[in-house]
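Quick note, the sequences are listed as chains A and B, same order.
If you use full-length UniProt numbering, the first sequence corresponds to residues 1 to 482, in order.
If you use full-length UniProt numbering, the second sequence corresponds to residues 1 to 482, in order.
Just so you know, the hints here were simulated from the structure itself, not pulled from any lab data.
Because the structure is a prediction, the values reported are computed rather than measured.
Heads up, some of the hints might be wrong.
It does not matter which identical chain is meant; a pair holds if it fits inside one copy or across any two.
[Claimed, not checked] In silico DSSO-like pairs for lysine-lysine, Cα to Cα no more than 30 Å straight-line:
#1 66 / 475
#2 252 / 121
#3 227 / 116
#4 227 / 106
#5 90 / 398
#6 121 / 106
#7 154 / 6
#8 176 / 354
#9 451 / 378
#10 227 / 304
#11 374 / 410
#12 72 / 227
#13 475 / 411
#14 451 / 227
#15 186 / 475
#16 398 / 378
#17 267 / 370
2 protein chains.
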Amino acid sequence: MSIPSKVTDYMSQHETDFVRRLQEAVGIPSVSGDPASRPHVMEMAEWIKNELTTLGATVTLKDLGKQTLEGKEIQLPPAILASVGSDASKPTVLIYAHYDVQPAAKEDGWDTDPFKLTYDKDRDCYHGRGSTDDKGPLVGWINVLDAHVNTGTKLPVNIKFCLEGMEESGSVGLDKLIVEESQPGKFLNGVACVCISDNYWLNTSTPCLTYGLRGISCFELTISGPKWDLHSGVFGGTVYEPMTDLIALMSKLVTSQGKILVPGVYKSVPPVTEDEKKLYDALHYSIDDIDTAAGANIALSDDKVTVLMGRMREPSLSLHGIEGAFSGPGTKTVIPPSVTGKFSIRLVPNQTTKEIEELVEAYVTAEFEKLNSKSTMKIEHSESGEPWYTDPNHWNFKAAERATLAVYDKKPDYTREGGSIPIALSFSDALHVSVVLLPMGRGDDGAHSEKEKIDRSNYLKGTQLLGTYLWEVAKEVSKDVK
Amino acid sequence: MSIPSKVTDYMSQHETDFVRRLQEAVGIPSVSGDPASRPHVMEMAEWIKNELTTLGATVTLKDLGKQTLEGKEIQLPPAILASVGSDASKPTVLIYAHYDVQPAAKEDGWDTDPFKLTYDKDRDCYHGRGSTDDKGPLVGWINVLDAHVNTGTKLPVNIKFCLEGMEESGSVGLDKLIVEESQPGKFLNGVACVCISDNYWLNTSTPCLTYGLRGISCFELTISGPKWDLHSGVFGGTVYEPMTDLIALMSKLVTSQGKILVPGVYKSVPPVTEDEKKLYDALHYSIDDIDTAAGANIALSDDKVTVLMGRMREPSLSLHGIEGAFSGPGTKTVIPPSVTGKFSIRLVPNQTTKEIEELVEAYVTAEFEKLNSKSTMKIEHSESGEPWYTDPNHWNFKAAERATLAVYDKKPDYTREGGSIPIALSFSDALHVSVVLLPMGRGDDGAHSEKEKIDRSNYLKGTQLLGTYLWEVAKEVSKDVK
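Just chain A, same shape as in the assembly (with noise of 0.2 Å):
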């Protein structure tokens, strides 16, 4: 059975309301990785327990520990683990999103105050923090369960959430959750499949079913030399400067045509074949789509296939910035004393977070030797994550595709993913089960920019197509049953 019209003509009759839900959702800065903005990260948690159980759901709000930021240790948010429904004749589908969002401050650049979710008439979207990542989506789910409550609808499967407020900064404590909640008797035990919505199309026009992520290393390659700020004209050309070296060292790490320059790194990356690049070729995608997203004609290539392997299949190499030296406007004629580089590499399948990390240690050492320079240098990992890879075939995907199908018309694209959510491997190794993933927002969203928003239309027809998902997930596993 498909979703009854019921629910969709109450979706379509209470836009208004769910657009105020998501309203009161962003207006909450629950930006988990600024430790002041600590209590408004518990304050979305709060909210979250409190919309959910109104409507019904049972809701634990699971203590994750503490953790140490900024040298303070703080209360880390905790996991909202929910359900709704233990029909045992039902399948048990697992929703995942987070609650937290990236930092974000008017000074940034963001035309209106990024906590408030503010309407953008010329474009027909909303913009705030969070609009698309990932409060879009969660708020979609909540307004999914109310269209069924109000509606006296039952639902066609079970529901277990587990909504997280840490996944900006690192998912701290949540795999030990989901390996512990795995085991049997336990949470998250016996869901028939996975579904998480905190991507994006790849396109502006074209929704799309995601199979794969790619994984990141994290890196902070410290180079120190003083103990203090030397004054460069009383110290430039006497002492080694740590500066120099730095910028050495993250130099030789990747080209301006992006290529990694870490030997071994591509060592595990199968070859492309013919047939894997017409899957490239067949996805609705220009040229023109990246220049927009990324506001200027920057793309690498002019070939679509060659961008999008550059974005889906093949490792990247970003410089983000460094700690420690000078970062404001103006001048300041200082050696500083020990500066931090950050880099992150995107992993794809097969290389592990381990061999990549190996590789960038042994190369980076071997160069800062040739430097020869009395400064030292430490290369530490921070976050990291494995690249992920499911099966496209499995009926939790086809299940996805006809709920696409249903609301938009259209076959979705099957994409892989640039970005890295380790919690799709985290959920895939721990239950065993299909994670699909079923973005709400388009890829000019802007993620993480001063420039997020997410369009009406995907967020209140992303509502109906989380909905329909469920009720297309009913019907593949009674089909697979029979």
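Starting from the known structure of chain A, arrange chain B on it as the hints suggest.
Quick look at chain B alone, frame taken from chain A:
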């Protein structure tokens, strides 16, 4: 006639008062680079005016107009023009110092409140921002006046003070004032010599006189690409990244060993002669001095002469940092849209800022073209100052040497300084008289750092030194006239 003993006795008897005076001065956080601190810079000017007026000087606070800082138009701190005496039979000494300081905050790593002069018993020194750069010397001159006035001793010279409040922020407005006030009949016209106390001994035990300074050219190299922050997962491997290009260009400026890679940059530097090498060899200096001052064993060479030449007679290039990239602790995996690398070159005779700026611009532009990137590049010059060199055999230096012998019982080293004090050249050019740099502090004072200090003995003996210098100038000039 030498300095009367009643004056030096008064100085010995009022050490506590002199320290209290410096304490007051350091207590005013006159940071010129921070618009929020501008009222304190103004407060500092008023404090000096009050001190000088009380001691009988005629003081004018010279309005230098407004500047635009961080987008706001704010009032510049005044130049303080003050005179003591107008006896046509006496030479007039022009004294320069600055009353603004570098930024400082406890969080930068200060062990003490940077704006509270704090005595360190173990090292017999005072910590605090401005203690040595340049409030110690400035207050030293006030102490000299104090000791003469309160012992009823007529000064052997007329004094003109030119004190500025923007030295740490490019001396905005001062050059123009100096040129204007050097015209016939104006305030600075007719001075016999200039004394600047705004640098340091080469080591920690031998006083010095400085007859040369390096110039400086500051550069801001900007690479721009996307219009906003991009997610490195979604865009990594698909677009040209500005950071990659900036790091590549910055890595081509200087080697670990300090050799500048900009072609032609050494062309105007005269080759060193064996005689010149002997000058450096004679200086009281060792590799230990530099390692002690830097807090680590990081000297570029084990050869004293090579290191001294690196500081005094060779250009150097330092990389200071990057604006626009991630610079905080932890991880932020974005591709920044526009990044600006900051670096500076210290210049020596016969290099000119114009020549060096043209060479750097041409080189960086050519190297950027080689990268074949779709990003855009812009290079700008910010602050700059020409190198300066004067005759160390002038009577102005003889007077300073004899004062040093009288106070320290040591012949001073004759040094050239690695830092840049463009004002020395401004006075030379405008007034055509000898400029001596007569430092008060030691080579390990850590000006601009979070370790800034002045030794108690340097402050107190330094006060005697400045007073004695005035009497020796009078003696030299009377010899000169005979």
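Against the structure, the hints:
For a Cα distance limit of 30 Å, the shortest separation of residue 66 from residue 475 qualifies neither inside one copy, at 42 Å, nor across copies, at 74 Å. In this assembly of identical chains, the alpha carbons of residue 252 and residue 121 never lie at most 30 Å apart, being 46 Å within a copy and 48 Å across copies at closest. In this assembly of identical chains, the alpha carbons of residue 227 and residue 116 lie at most 30 Å apart only when taken from different copies (23 Å versus 45 Å within one copy). Proximity of residue 227 and residue 106 under a CA criterion of 30 Å is satisfied inter-copy only: 17 Å between copies versus 36 Å inside one chain copy.
When the C-alpha separation of residue 90 and residue 398 is checked against a cutoff of 30 Å, the pair qualifies only within one copy, where the shortest distance is 18 Å, while the shortest distance between copies is 100 Å. Within a single copy, residue 121 and residue 106 get their C-alpha atoms as close as 20 Å, which meets the 30 Å cut-off; across copies the closest is 47 Å, which misses it. For the homomeric pair residue 154 and residue 6, the shortest alpha-carbon distance inside one copy (12 Å) is at most 30 Å, but the shortest distance between copies (102 Å) is not. Within a single copy, residue 176 and residue 354 get their C-alpha atoms as close as 19 Å, which meets the 30 Å cut-off; across copies the closest is 62 Å, which misses it.
In this assembly of identical chains, the alpha carbons of residue 451 and residue 378 lie at most 30 Å apart only when taken from different copies (25 Å versus 36 Å within one copy). Proximity of residue 227 to residue 304 under the C-alpha cut-off of 30 Å is restricted to the inter-copy arrangement: shortest distance 21 Å between copies versus 50 Å within a copy. With identical chains, the CA atoms of residue 374 and residue 410 are never at most 30 Å apart, being 62 Å at best within one copy and 35 Å at best between copies. Only within a single protomer do residue 72 and residue 227 lie at most 30 Å apart by alpha-carbon distance; the minimum there is 25 Å, versus 36 Å between protomers.
Proximity of residue 475 to residue 411 under the C-alpha cut-off of 30 Å is restricted to the intra-copy arrangement: shortest distance 18 Å within a copy versus 97 Å between copies. When the C-alpha separation of residue 451 and residue 227 is checked against a cutoff of 30 Å, the pair qualifies only between copies, where the shortest distance is 10 Å, while the shortest distance within a copy is 40 Å. Proximity of residue 186 and residue 475 under a CA criterion of 30 Å is satisfied intra-copy only: 26 Å inside one chain copy versus 95 Å between copies. Proximity of residue 398 and residue 378 under a CA criterion of 30 Å is satisfied in neither setting, with 48 Å inside one chain copy and 51 Å between copies.
Taking the closest pair of Cα atoms, residue 267 and residue 370 come within 30 Å of each other both inside a single copy (24 Å) and across two copies (28 Å).
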